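Q: As a plain string of letters, each chain reads:
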Amino acid sequence: MIPRFYAFIRSLHLYIGLFLSPFVVVFAISVVFLVHAWMPGASSPAEKRTATEVAIPADFESLKGREQLAAAQVVLGQLGVHGDISLLRTIPRDRRYVMTVGLPGRETSVDLNVAQRTAAISIRTTGMWDATVYLHKMPGPHNVTTRGNTIFMIVWRWLADATVYLLLFLTISGVYLWAVLKTERRVGLALLAAGAVSFGGIVYALVA
Amino acid sequence: MPSSPEPAAIAAIAPRDFGVVCRAWNRRLHFYLGLYFLFFVWLFALTGLLLNHGSWSFADFWPNRKVANDEHAFVAPPGGAPLDQAHDLMRQFAIAGEIQWLTTRPDPNRFEFRVSRPGTNFEIQADLKTARAKIQRTDVNTWGIMRALHTFTGVRLGDRQNQRDWSLTTLWALAMDAVAAGLVVLVLSGVVMWWVLPGRKLSGAIALIVGVLVCGWFVVGLRLVYR
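These protein sequence lines are chains A and B, in that order. Using our numbering, read the first sequence as starting at 1 and increasing by one per residue. Using our numbering, read the second sequence as starting at 209 and increasing by one per residue.
By construction, these hints were calculated from the structure, which means they are not laboratory data. Wrong hints could be hidden among the right ones.
In silico contact screen, one side only, chain B against chain A (beta carbon under 7 Å); selected entries [as the list claims (entries may be wrong)]:
hint, residue
1, L237
2, W270
3, K274
4, V392
Here are the in silico distance ranges between beta carbons for each label pair [said to hold, decoys possible]:
hint, chain 1, residue 1, chain 2, residue 2, range
5, B, V229, A, Y6, 20 to 28 Å
6, B, A389, A, A205, 19 to 27 Å
7, B, K342, A, E47, 42 to 50 Å
8, B, R299, A, E67, 36 to 44 Å
9, A, A208, B, A389, 23 to 31 Å
10, A, M128, B, R273, 49 to 57 Å
Just so it is clear, the structure is predicted and the values come from calculations on it, not from any experiment. Quick reminder that beta carbons are idealized off the backbone N, C-alpha and C, glycines included.
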């Protein structure tokens, strides 16, 4: 019974670990950029253009929340802009809507003027490293009611959560697989204790 | 006297032994790193989940914060860089933490900054003319501390105004780097362990390739599709 259970957990650990490997690498690499506020390579200068005669739904200004974001996505599609709207700022006096639209490795700003039916678009390619940072931070704790207005962000939210749950499974199953090995127990326990002490020590010093 | 093995036999055995030793150490490295970083990984994984689910009411710490206001007299710090002046005031107020500059300084007599550490923030508004300072201390509960630990780096991409200035922030940043490096090594050693495992190459390759394709779709694929 135990060898069969052990073999089953080992197989799960192996396949889940392999599937999760690229996700873990993306999160781990982006940590270095976030911790040191540094990004290799300069992002390209912004490409700017202005679209005219933009077809804006008649009720666009009266819409709220998710309905307005859905309508804004239709307008963005017409402008050839793709990505998740992370910020939608309304300037009622000028009848303008300023949107920050994110896609991994690209940031677009759209200034939609409803009165004039124009849109000033600024697209900046930020590259692959920035894409890892973007994915690390998304959807995140900010602008919760706005973010997640595209399929890709909804799927990424699910994948980011899945990464956590599967990583927790990997750690627990890893501890089980180690605990079964009698020869590695002493060193393993010493390292587990050392990890707990360093973790507890640093956290205590930071918080206390 | 025992007979020594033939040179040809040694040549045949040695590379295999070296491979066996490497595989054994790779396996140990995988175990040891995983065990050492276990608590760090749990913290960052769970807090990552909390950050992605701001609507989870059980972890909503901000409404339960405790705010205390106080006023202190101080000895005007000697001139020098703002960072030195801030450190001097912090020493007088017995406050330790990471300094954050929030505003520019239109009035040279006003000296305002924030000192933060996971769980506690101090907003300091010092009047250098009257040598009095208003200090607002905000404490959050364990959920707030956990969330802060995930993002406590002292620096932000695109913010040149703030640099890391507290030794414990640097230590925590190094710990974050170590966890990240440890995870990459765990991934690589895991891949090696799979590769040398007999009979699992195809099934393992499928799992790895599916992961690479799904993750790669987000990292580079989306940008290529939506040109």
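Q: Hint by hint, say whether it matches the structure.
A: Structure-based check of all given hints:
1. L237: violated (11 Å)
2. W270: At 11 Å from the nearest chain A Cβ, B/W270 fails the 7 Å test, so the hint is violated.
3. K274: violated (15 Å)
4. V392: With Cβ-Cβ at 5 Å, under 7 Å, it holds.
5. B/V229 with A/Y6: 20 to 28 Å: Once the Cβ atoms are compared, 25 Å apart, the range 20 to 28 Å for A/Y6 and B/V229 holds.
6. B/A389 with A/A205: 19 to 27 Å: holds (22 Å)
7. B/K342 with A/E47: 42 to 50 Å: holds (47 Å)
8. B/R299 with A/E67: 36 to 44 Å: violated (54 Å)
9. A/A208 with B/A389: 23 to 31 Å: Check passed, 27 Å falls within 23 to 31 Å.
10. A/M128 with B/R273: 49 to 57 Å: Given about 39 Å between the Cβ atoms, the range is violated.
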